[in-house]
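Engineer: Here are the chains, one letter per residue:
Number of protein chains: 2
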Amino acid sequence: MGMADVVGGPAGPGSEPPDPATVDLLGILAYGELSAFDRLAEDARTAPTMTGRAALSSMAAAEIGHYQLLEEHLVRLGVSVEQAMLPFVAPIDAYHASTAPRSWLESLVKAYVGDGLAADFYREVAGWLPDPTSGLVQRVLADTGHSAFAEREVQAAVAESRQVRDRLALWGRRLLGEAVTQAQHVMAERDELTAFIIGGSGDLAGIAGLLKRVQTNHGRRMVTLGLA
Amino acid sequence: MGMADVVGGPAGPGSEPPDPATVDLLGILAYGELSAFDRLAEDARTAPTMTGRAALSSMAAAEIGHYQLLEEHLVRLGVSVEQAMLPFVAPIDAYHASTAPRSWLESLVKAYVGDGLAADFYREVAGWLPDPTSGLVQRVLADTGHSAFAEREVQAAVAESRQVRDRLALWGRRLLGEAVTQAQHVMAERDELTAFIIGGSGDLAGIAGLLKRVQTNHGRRMVTLGLA
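The listed protein sequences derive, respectively, from chains A and B.
Residue numbers for the first sequence follow this note's numbering, beginning at 1 and rising by one.
Residue numbers for the second sequence follow this note's numbering, beginning at 1 and rising by one.
Just so you know, these hints were derived from the structure itself, not from any lab.
Honestly, I wouldn't trust all of these hints.
Derived contacts from chain A toward chain B, CB cut-off under 10 Å, selection only [said to hold, decoys possible]: (1) PHE37; (2) LEU40; (3) ALA44; (4) THR49; (5) THR51; (6) SER58; (7) ALA61; (8) ILE64; (9) GLY65; (10) GLN68; (11) GLU71; (12) SER80; (13) VAL81; (14) MET85; (15) LEU86; (16) VAL89.
Quick look at which bits of chain B chain A covers, simulated, 3 or more residues with Cβ under 8 Å [said to hold, decoys possible]: (17) 25 to 38; (18) 41 to 52; (19) 66 to 74.
Just so it is clear, CB atoms sit at the ideal spot from N, CA and C, and this is done for glycine as well.
Can you make the complete structure from the sequences, with help from the hints?
Structural biologist: Shown next as structure tokens:
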């Protein structure tokens, strides 16, 4: 990818163009937030209670707050958010298409588990980025405080029915699988980003370690929901 | 309506229960924000550009910020937001069902004109409320700064095609008509609220004056969009 693809304007006199891996990471995160907004807003409509509808709508709105931070940061780097997001629209849309919830509880598990997976991965990667980008990514990944609602609702439903628990446990595994599949597609397409992640992890064994940690945290979240 | 319908818990020792008209106003506003979020989020999906999608998503997210302020305020008054919203779900849903946009430009005009109409009306009414409710409502109605995008997009489309202009001008008139229709339904159902509005306006002539001002401001917004 040439930098001409992503640079929307000069970042200011004497400033260096940002490196492609940084732009890629900000672009994935930004489209991740924008598409999560869209899916959560749609899922909110299926809420069985007004409280649930407001809770999922609030999660959606928080994603837009993060999106705006990322957009402002990209603008400061002289990059248009639209251009930065473009390469990641297809894989992220594919993730959502393959994990469209068929029930309110699936929506809640997806919101909870999907957010957690993304946060785990990006938090590690953010540590390898220079500041101020690193700090911004950490800020964007901070828990928005809405996950307690999903925890409570899922725990209650799971405690009542073993069948619900088994189905949601499978669903949680599928979410992880689909996320890994799409992440692999992205890695296959984005050379600079992949080189950056290999460099940050140390080597291929480092990447395996990172994936292992993401999986372990996923398992912990499943336990928290009562789905292990 | 008895206060038992809306009071979710004690507001604290020695505090008076809030008057029903105040609770009604906060309830309409809250459900207005929650449903506007839902419609804007859905309309954002039809955006022809990523910039448009992000702009409408941001408008939607701002509505949730307002909703949260109203919810917190109702809780302080000892009222549950769900109960306060309940009487207004049907008329507000009916407004949105009768004004479902059939195009991106209709979505933008509705977001711009609908927000403006609601803000004009509630701003007048807020003036008659005691503080801190009055101040809160003014804050919730503050322009979220996203209307500039809608203005720019609609102005550009209208300048290019007389046919587009004529259709959107009709659409703007219909939005006003449907809003007035639903407001009348609400007034017919909610005695305390109606009495409050008549009292605040002074008399029936005062209400006529209020409606006239709302209409005048609507006309000004239509001029701004190039739709007069």
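Engineer: Which numbered hints turn out to be false for this structure?
Structural biologist: none
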